[in-house]
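Q: Could you slot chain S onto chain H? The hints should help.
Here are the chains, one letter per residue:
Number of protein chains: 2
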Amino acid sequence: MQSSPLLETLMESLRCLPGVGPKSAQRMAFHLLQRDRSGGMRLAQALTNAMSEIGHCEQCRTFTEKEVCAICTNSRRQENGIICIVESPADIQAVEQTGQFAGRYFVLMGHLSPLDGIGPDDIGLDILEQRLQTETLTEVILATNPTVEGEATANFIASLCRQYGVEATRIAHGVPVGGELELVDGTTLSHSLAGRQKFKY
Amino acid sequence: MQSSPLLETLMESLRCLPGVGPKSAQRMAFHLLQRDRSGGMRLAQALTNAMSEIGHCEQCRTFTEKEVCAICTNSRRQENGIICIVESPADIQAVEQTGQFAGRYFVLMGHLSPLDGIGPDDIGLDILEQRLQTETLTEVILATNPTVEGEATANFIASLCRQYGVEATRIAHGVPVGGELELVDGTTLSHSLAGRQKFKY
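Top line first, the protein sequences correspond to chains H and S. In case it helps, full-length UniProt numbering puts the first sequence at residues 1 to 201. In case it helps, full-length UniProt numbering puts the second sequence at residues 1 to 201.
With the rest of the complex left out, here is chain H (with noise of 0.2 Å):
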């Protein structure tokens, strides 16, 4: 028998989150009554307000609240003529963390996959082809997820490239960087073998 509806409420609504058990729901609950209720009051405000004005970047569909997102719109990243198409929002930063690419992305927001009809348009490929069509881009850095999914669409995409004579490429697999060899599976080993490059001296 539980005292508070409103606490059930709230600690049903937080089992909306990814990873969040009855259990955690329950401490979250209790942590932020008990000891954080403004954070508590942020939290909503912050929901409420991501959940109703974060759109797609019409360029590259990334979220965003504006009509065209921060790095589609920065003309510096516009220069090369480099697109680099990932899988989700969250490859956008990890990518951005490198510090190593300075052109514009493309968010897939997932990868081709048949078995659950998700074909072409739904991620996105049809305003992808209209941009290799009107831009004048000099490359496509595929930078989907090394699963079977992923390099079944950035080979998709590939042939899409080709067809409007943009270069595509696809980021390197092979060894993990600070990894044991010997620790590493044979996929990935076989990877790095033939993706072997001159030795830089």
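Because the hints were derived from the structure by calculation, they are not lab data. It is possible that part of the hints are untrue.
Any copy, or any two copies together, can satisfy a pair, since identical chains are not distinguished.
[What the hints assert, rightly or not] In silico EDC-like cross-links for lysine to aspartate or glutamate, where the CA-CA straight-line distance does not exceed 16 Å: (1) Lys-23 <-> Glu-12; (2) Lys-66 <-> Glu-53; (3) Lys-23 <-> Asp-91; (4) Lys-23 <-> Glu-8; (5) Lys-200 <-> Glu-87; (6) Lys-66 <-> Asp-185; (7) Lys-66 <-> Glu-8; (8) Lys-200 <-> Asp-116.
Computed from a prediction, not measured in an experiment: that's the story for all the values here.
A: Just chain S, lined up with the frame of chain H:
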């Protein structure tokens, strides 16, 4: 460079939840935006309601949006005159789930901790003292945690009970059911030996 200030605010706000770091916050935010916007809105509403409306029960100090909680107003639970004293509202749920207790509760919302400046009044012992004075109680079960602070708190409350001639009992410490004796720590085992009971044929 983040493309959306609202998204950044959401990630930052999610970190007020216990056990949520930057990576989990990012995952939660993207999950809600991509797959469960209605869940996010419901959570925002539930948070607002809970944070603004949930207070403490006047009698037992548990969380409730009413003046007196459902357990305290239940007349059948007042009959036996037993109060179970616990440290947090989560403990009430744990005891309720056993289905073994038909009395009422008193929630300390913490424990005595002089080093942190938490004295008797901070854990509501003034309210408890009033209840000991005015109500006809037959027993006070001390179900604080089996920690140093929990034991100290239980001792303090027990002496308070003696002052008002109310019997105080402490929940049994011992070997957990289903555990193996060789894995139980020494302190628990010595408690278990000291608290041994006559065999019930």
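Q: It remains to establish, for every hint, whether it holds in the given structure.
A: Evaluated hints:
1. Taking CA atoms no more than 16 Å apart as the test, Lys-23 paired with Glu-12 passes inside one copy only; the shortest distance there is 11 Å, against 23 Å between copies.
2. Taking CA atoms no more than 16 Å apart as the test, Lys-66 paired with Glu-53 passes inside one copy only; the shortest distance there is 9 Å, against 34 Å between copies.
3. For the identical chains of this complex, Lys-23 and Asp-91 are inter-copy neighbours only, at 12 Å across copies versus 30 Å inside a copy, given an alpha-carbon limit of 16 Å.
4. In the homo-oligomer, the alpha carbons of Lys-23 and Glu-8 lie at most 16 Å apart inside one protomer (12 Å), although the nearest pairing across protomers, at 27 Å, exceeds that limit.
5. In this assembly of identical chains, Lys-200 and Glu-87 lie within 16 Å of each other by CA distance neither inside one copy nor across copies; the values are 32 Å within and 65 Å between.
6. Taking identical chains as interchangeable, the C-alpha atoms of Lys-66 and Asp-185 are never at most 16 Å apart, the minima being 43 Å within one chain and 59 Å between chains.
7. With identical chains, the CA atoms of Lys-66 and Glu-8 are at most 16 Å apart between copies only, with a shortest distance of 14 Å across copies and 36 Å within one.
8. Neither within a single protomer nor between protomers do Lys-200 and Asp-116 lie at most 16 Å apart by alpha-carbon distance, with minima of 45 Å and 61 Å respectively.
When the structure is compared with the earlier hints, violations turn up for hints 5, 6, 8 and for no others.
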